[in-house]
Amino acid sequence: MKLRIQYAIVLGVIAVILPWLLSDFRVFQLNLMLVYAIAILGLNLLTGYGGQISLGHGAFYAIGAYTAAVLMDKAAFSAYATLPIAALVCLVSGVLMGFPALRLSGHYLALATFALAMAVPQLLKYKGIEDYTGGVQGIVLDKPQPLFEFEFLGKALSEDRWMYYLVLIVTVLMFWLAHNLVNGRIGRAIVAIRDQPIAAGALGVNLTAVKTITFGVSAAYTGVAGALGAIAVSYVAPDSFHTFLSISFLVGAVVGGLGTIPGALFGAAFIQFVPNVADEISKSAPWAVYGAILLALVYVAPGGVMGMINKLKRGDSK
Amino acid sequence: MNRKLTVLSLAAGIAMAISATSAFAAKYDAGASDTEVKVGNIVPYSGPASAYGQIGKAISAYFKGVNANGGINGRQITIISLDDGYSPPKTVEQARKLVEQERVLFLAATLGTPTNSAIHAYMNKKKVPHLFVNTGAHKWGDPTGNPWTMGLQPDYQVEGKIYAAHILANNPNAKIAILYQNDDYGKDYVKGMEDGLGDKKGMIVAKASYETTDPTVSNQMATLKGSGADTFFNVTTPKWAAQAIKGAAELGWKPTHYLNSVSSSVGSVMVPAGAENGIGVISSNYFKDPADPAWANDAGFIAYKAWMEKNMPGENIAEGFFTSGYIHAAAIEKTIQQAGDDLTRKNIMKQAASLDFGNGMLLPGVKFKTSATDFFPIENKQLMRWNGKSWELFGDVLGPK
Amino acid sequence: MDGFLLQVFSGLANGSIYAAVGLALVMIYQSTHHINFAQGEMATFSTFICWWLIDSGMSYWLAFFLTVGVAFIGGVVVQRVFIRPVERKPVLINVIVFVALLVIFNAMSGWIFDHTLKAFDSPFPVRSAVLPEYISGHQLGSLGVTLAVLLVIYLFFRFTPIGLAMRGAAQNPDSASLVGIRVTWMLALGWGLASAIGAVAGMMMAPIMFLDPNMMAGILLYGFAAALLGGIDNPWGAVAGGFIVGVLENLLGAYVIGSDLKLTVALVLIVGTLTLKPNGLFGQKVVTRV
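Chains as they are written, first to last, in the numbering used here: chain A, 1 to 318; chain B, 1001 to 1401; chain C, 2001 to 2290.
Simulated from the structure, these hints should not be mistaken for laboratory data. Be a bit skeptical, because a hint or two may be false.
Estimated spans, in silico, between C-beta atoms of each pair [what the hints assert, rightly or not]:
#	chain 1	residue 1	chain 2	residue 2	range
1	B	Lys1027	A	Val172	42 to 52 angstroms
2	B	Arg1103	A	Asp142	17 to 27 angstroms
3	C	Gly2144	A	Arg103	29 to 39 angstroms
On a predicted model such as this, the values are computed, not experimentally measured, just so you know. Glycine is no exception: its CB is placed at the ideal position from the N, C-alpha and C atoms.
Make the full structure from the sequences, and use the hints.
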């Protein structure tokens, strides 16, 4: 137990100091990584713990992003205030998607969510709502300004560093909430439904309620990530939310380790940085390199990074 | 006493000489030095728009050639070209990488409207020249609002207006059907046509859109034919343009067909669509299509062909995207050349706004011209008609002289 | 009426493409119980190989059948090398492997054959022998090819011992190996056949859609929908599903909602259909033992 607390403190200190050791650009990349971690955590709740596959989480990311963008652009909301609203809007959308998902399983659910991922970008371009969404041109946003001036290790408290702390706080909060959810009664119900749905039903678990709420919470997480992402990038457009984004989230969830919470961080690091690494390795076919790295990882560590870590831990304690 | 005066005057003389040379010494911002100028470029090498990545390929090849000939003003030009997969968040990341990490002097020929929109504010805030953006959207020529951004090609709305004017002049009772890509580029053209028709906007009897994820446009074509229109405005990128031309022929629909210049490529559109199917199609362009036999004996094309064979051996000479890259690269080269030894970002911008040159691959009469109030480098276009083998230019060169 | 018929026939023509892709997906499913997301990219790559053969001077049909053969072998190799390590692993691991293959094949197509749009020949006459005002010669031809492939698959699974062995290996690998079926080779065979069918689909659609590395990007959803709406284990269903999707897409786009919201309508249709018939329109109800 004591070791755990020591780890946590060290991790905490590193997390707080990190932006002062890196350039603004690296902090920006780190922000994106943390945002993806929240999105992947959301997907993991549904897919890893809940066993319901989703190829459409990019849609919820987009809804969260646009919620934040429209509120900031049209209703002069501050960036911070958009987050709970994005969460709420996506919670509702997720539950709405969860109802038909009740009847679907496996490949059918994959198809339905994939259709969702493809439909949302087109919907965002619809001229009927163009006045709010900016249509194909998108919406340009202003980053939240630091509320005070500060200097440390020769660097100033820039917009990126300020954004980092916002994202960090939200990330820690979301991870803590997920940890409690998963280890509580609802979490056990979710896993029970995944592994033995019939038995769970027979034991009195309300399948409908648990499954739809799982969808909703999962969507809410990804929606908050979308809102943060929109603010970090300071721009939303339908082209930002292509189907490969949804697939990337799934890749991140599996690479990090399905059914684990810390896995989301590793998965996010993978989808944020490996494409850049692949680009350095091969200019002519970087995505082939990405695919090769992905394959290697899946063969070597099918349980994801967390699976590998757990295996090593078990090996140590022999 | 005399010796002291001599020494003093000598010292003063030397001091003056030193300060005089430093007044003429080179001035550099990040990315420039005595030996090198670093330029950033972002194009989609992967993803749905990967065809446009070939433009980046051509630009890189161009400067490899320039460097082999000694560079510009004695400096080697390093082009750092990155992939954004046509995804705006990635464009933001790559732009920040180029400016903040690679520390390039300026960005040039970045491609796409949403992608450039994503970095528009950033480039102007950081005061880094954002030159020759590769899109025809209207908003890039804004020297007062966004003094660090400049486009290159004629804008899509202007082109739409040109076709509208042609329709009004030649067929004032036309019924117009429009097929357009459901994004900024498509909508810009449609706006241009609608604005050009003015209060005759009602001539447009049918509009159908498509997404780049749509496999075919056959059902849109069927709908448009069914509207009874006799004039067709085809606002599609090459793949769907070829399908639309072929589709119209297969349906037995023979409207007066206006094709947007983006898809006027002989090699990628007119020939795959079936050369006879496109006879009579009207389009416009500002550069010479390398696959068009009309230019076979033209000096500019012959020079271009030699350039291709030397710098892009084995590549398809008929590919129009390489020509687009060639022209963008020429503009970059001219800008750096004119800047001489003052390679500050401010001066780069100033030189970009004082360009006035021609190029062997520009159509006769089309010039590359900018000024402090005119951030639209190429504004000339000429109408042309497909005759089954090549594009026949007709009419005057339109736009400012 | 004329316009309506035009939309219907054009929908059927598109539908035959969706049906072909759907068939390939069903083939993989019937032999492995997985859906191969890389199907489209593998098919595109095969089509490029055919293009290259024709470009180098080979005649169409020779290139066609050679490509089908190469695609078959390629599919077997892919299964043995890349899929076998994760055969028994959970579905999602397999999905990620498919995603990796998708990305790799797409990148290889672009790298080896470049991104320029390429025209692709059609072996069929330009004018259709049947109903020439509504359908082109090529559309009629590809319709015929799709139906021929369907027939071959049906006969193969129904009446040949290998087909039976493949179905057994997919449904119950443990029992199948007990009766002497070499399960992993059945899976490899399934992949080979699916890859061959995909190649045929690609070669049929390239003349209409023109060949570039992203040719199949938009099709996957429709092929997926065709396969699932028809019932994932039913080849006839996939073909019927393909035609239904093709025709509905056209009719809805033309008469109901316009092209601006086509994908949203597709989404609603898919979700709606599956809600009412969770195993697809023609699928069999799956009963699990408790």
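Hint-by-hint comparison with the structure:
Restraint check, Lys1027 (chain B) to Val172 (chain A): a C-beta distance of roughly 47 angstroms satisfies the suggested window 42 to 52 angstroms. Taking 17 to 27 angstroms as the suggested C-beta distance range, the pair Arg1103 (chain B) and Asp142 (chain A) conforms, at roughly 25 angstroms. A hinted range of 29 to 39 angstroms for the beta carbons of Gly2144 (chain C) and Arg103 (chain A) is consistent with their spacing of about 37 angstroms.
Going down the numbered hints, you'll see the structure goes against none, and every one checks out.
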